[in-house]
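Protein chains: 2
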Amino acid sequence: MAGAPSDVRASEDSRFEARRIVPEPPAPLAPDSESLDVWGFRDSGFTVNEAGQVEFRGARYPISGKAIPSLLPWAEGILGLRVDPFDRNVSQYPTGVPESRATAELEDALAASLEPGRVSRDPRVRLRHGHGHTQEDMWAIKYGLLPRVPDLVVWPISADEVRAVLQLARAHGACVIPYGGGTNVTDALRCPVEERRAIVSVDLRRMNRVLWIDPVDHTAEIQAGATGTEIEEQLRRHGFTLGHEPDSAELSTLGGWVATNASGMKKNRYGNIEDLVLAISAATPQGELTRQPSARESVGADPARWLIGSEGELGIVTSAVTKVFPVPAVRRFGSVLFESFDEGFAFLYAVQRSGVVPASVRLMDNLQFQFGQALKPAKGRLGRVKSALEKLYVLRVRGFDPERMVACTLLFEGSEEEVVAQERSVYRIAAAHGGMKAGAENGERGYQLTFAIAYIRDFMLEHWIIAESFETSVAWSAAQALCANVKQRLWQEHAKRALPGRPFISVRVTQLYGAGVCLYFYFAFHYKGVENPSEVFAELERAARDEILRSDGSLSHHHGVGKLRQPFLSRVFSPAALAFRRKLAQALDPEDVLGAGNG
Amino acid sequence: MAGAPSDVRASEDSRFEARRIVPEPPAPLAPDSESLDVWGFRDSGFTVNEAGQVEFRGARYPISGKAIPSLLPWAEGILGLRVDPFDRNVSQYPTGVPESRATAELEDALAASLEPGRVSRDPRVRLRHGHGHTQEDMWAIKYGLLPRVPDLVVWPISADEVRAVLQLARAHGACVIPYGGGTNVTDALRCPVEERRAIVSVDLRRMNRVLWIDPVDHTAEIQAGATGTEIEEQLRRHGFTLGHEPDSAELSTLGGWVATNASGMKKNRYGNIEDLVLAISAATPQGELTRQPSARESVGADPARWLIGSEGELGIVTSAVTKVFPVPAVRRFGSVLFESFDEGFAFLYAVQRSGVVPASVRLMDNLQFQFGQALKPAKGRLGRVKSALEKLYVLRVRGFDPERMVACTLLFEGSEEEVVAQERSVYRIAAAHGGMKAGAENGERGYQLTFAIAYIRDFMLEHWIIAESFETSVAWSAAQALCANVKQRLWQEHAKRALPGRPFISVRVTQLYGAGVCLYFYFAFHYKGVENPSEVFAELERAARDEILRSDGSLSHHHGVGKLRQPFLSRVFSPAALAFRRKLAQALDPEDVLGAGNG
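These protein sequence lines are chains A and B, in that order. Numbering-wise (this note's numbering), the first sequence opens with residue 1 and increments by one. Numbering-wise (this note's numbering), the second sequence opens with residue 1 and increments by one.
These aren't lab readings, by the way, just hints derived from the structure by calculation. Please read these numbers as outputs of a predicted model, since none were measured by experiment. One thing to keep in mind: the hints can contain errors.
Note that the list lumps identical chains together, so a pair holds whenever it fits in one copy or between two copies.
Stated by the list, open to error - Pairs of lysine to any residue residues, derived as SDA-like cross-links and limited to a Cα-Cα distance of at most 25 Å, are as follows:
no., residue 1, residue 2
1, K496, R9
2, K379, G514
3, K528, F16
4, K563, T290
5, K528, M1
6, K391, T95
7, K437, G239
8, K437, D13
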């Protein structure tokens, strides 16, 4: 172009040309590796050995294969009653599976449009697709009954097949419920009892590929059914990570994370799911949503983003383009002990305000700190001596009260330089709050226990202890009051009903934000002799939720609403807002093909 | 509670109790301080002095009161034709204002529900509320005609009054268009010509208070009509800042930022508007949206957040709860010269990947670098010598080509420690890319020029040069090609039409993201002798937009869609997505009371 300045010419710089990588598929799915009746993998779980000690089965986790002799004695002390390791409330799983209501026509039509073996009416398979992991779910399949479950389960392997399933279901007057990892804790997968249509569960787990990685833009397209483990396996081979680690990451899927607006423990470094997802592709009964990803844009409402937190109600996520990150050079754990929860909380606040926040920071209250100690496997002689010396120092020299002290676990990721700078800043703040460094080993143990601890709920249920976790987010200024209010309310409700022994109620701070924190509660009580323990538990959990909302907490930080928290929606949304949500659902799915009935 | 562990007790820690601050109102609005016919404040603007040199009037900006002798000579060189400073295309503003169609009943009803003086049918006031700052808008009010403008303008002072206006408009069969700073560049405030109903412009500028600041949670509630300047005035008195600085921050408002999904130049530190806003309160024709803010939550679609990027179509934002930040101790500028745009771009990429990204990083191409030099005010003798020596070093010693070299400006904010660490990291990366530090002064000048430079468009238009800016976001891997494609396309389109002289087309990178960048283009040509120059310009801008989309750029990074970019929506959204957007608008505003017709 005559007279044009030099910068009108095309660049010859090839450093940033796109060169997409197509990763190898993940290791093939072993269809029977996951338990149907309890959390997690079949090879793992808590059990009682012949000596009446708790052990963790298998070899999957650091705690696997080890005896945990302190657990039951400690639990007895806390719950204020005897826990007989050999007295089990034996699971009656499966307690019965309703007949499939799917017509042969529907089954045949689905079978004709999918590859062989991708349609099932197997009762146990259908049962598994009708629940997640609330205590109500677990109680129902072991000691109660699930009154309604999917009538067919299908496994599409592509977005086209998902669309075909939606269209077939619609044409045959059936409804559809998408299924990812089946790990929800909100009754989101419970089938509405009054649903008269056939229910088709669309299991996305065969769609588990990372379709491409862009090593220049640090983006990847990932199919909705890939679990955290499968995503990391495919990305890490090429030096990348998604960095999204919800506690369920081994089993939960990208599509499920989008549908529940998931949060990962390392969100300080990588962001929560809404930060990670750049573009969502979804099948809806009214058409396909798909877009080019954008680093950031201003084009008004993007209907595909309405799928975030939609809990299966608006459409089925088929894939998403996400940010990815180079695997950090350094990953280091840490832990700090504080004299009290108040001091630990003040430390968290100061860390957040410092602007130097490690990938993960978690603060356990005293009871949870004790729980962590009780979960320590049996040690050899050397370990016992070392441990005793450490205790001596903490209790005698520092004067920490074992009934008040708390622990904070830390995870640093980044370059060596970044991590060193973060450690320097964080430990300086810890010292200013009277914190005592308790080592990387304790920190790592805390994080790795996250995955194994998820198995304990099913173990306890068989030992007459019913338990559940629930979460909220709350402003810094309201967090301490909320913790106390919820704990006191649950003690009161427990006492009012004269339930056995004492309740276990404990909290940890799992996420920090500028404006507030995520609080994660664990609640349990011994239910032997209690009538309808699952219903009683649900009543108490509702009371806790009421107290959370009264204390200015949110309805959910990352679990979502599902069916469990639906009754509270009118307390967090104005009438107009609720009406708009209904109108949105009607607009996107006028025939109600998506039948989960959540949110 | 008997037997309860210590952590069930209420905390006596008072460090985090909420103690909200109610700031003093901002300095009273001076209603005539803003120009009606051109950008910005009446006391400021480019002008030609008796010697035929360009000057900047007033005392508001660093450049104010100074002569800029190089500007016209440089422009002549670039445009390839003579620019006679005394040959003006004199503005005919106002070229005519359509009669108001509002009935006396509507006016009386509005007047009865608002305080005296808060309803106007003044023609110039109505005219001003019928446009933003596209070249089409400016051309129309100076040399053409705005065929349709609001029939009444009202100034509510509370959310209740906004709701009352919406209800009255609805009851009287009128429609409503919200108005903030009137700074849009998308024809968003243009009234649909075919609109037969009375149009009520709802000017929110009297709602300009920061209602409260929470110094513990670092949050504030801010009314929608507060400008960036007013917000900072109220927050800074109490040690806080919002940190949101779009180039229009002196005039644009919080409500406008929400409605356009705005981006601030310091987003690396503070986030874009969607990151800053925790809860939105809005009036809609179907009811009120208002919620408790949450640091982060998972409760499905929040209808109030649909207002982000809604461009006045779904409701009227009345206030928002936002994050706020302590005013940083240190604010330092910097600048670096690079041999070429490619090297500068590689530097940006490396900075983004380093994870240490200053509050703002901007890279100008060579033409824009030259433009910045041409805008330098006349210097005293000492300044001239220093400047000459600097040039000698850059050109002779470093061998930089003045027709290829580019400049990057930097803004660091934070604690002294943070800023020092950022500077060390950024300048190390700059050196690795052959960059030459060019000092804080040049950096600061670059940022401060942002505000004054906004006035140049109106000045040029009177001097037969028509100009406009437009932006996009694009992946790193596609950005260099996009820049070249857009520049070449505009040269071709300019040549094809045999327009006078040569076009001016220049780009800067204004925002960095993990996945890509925001590119901001300036485009101008000399229009003397051109028939319908505004239409010709619009044609070329559409060609540029076409080229942007063909080159995988987004439809908009932060300007929004308005009416200007509507024809391109079908290229970025699937048919189902577009249908869903329409359904959403119908659901929220079934009677189409919100009449702007955007997006």
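Taking the numbered hints from earlier one at a time, note which ones the structure violates and give those numbers from smallest to largest.
-> 2, 3, 6 and 7
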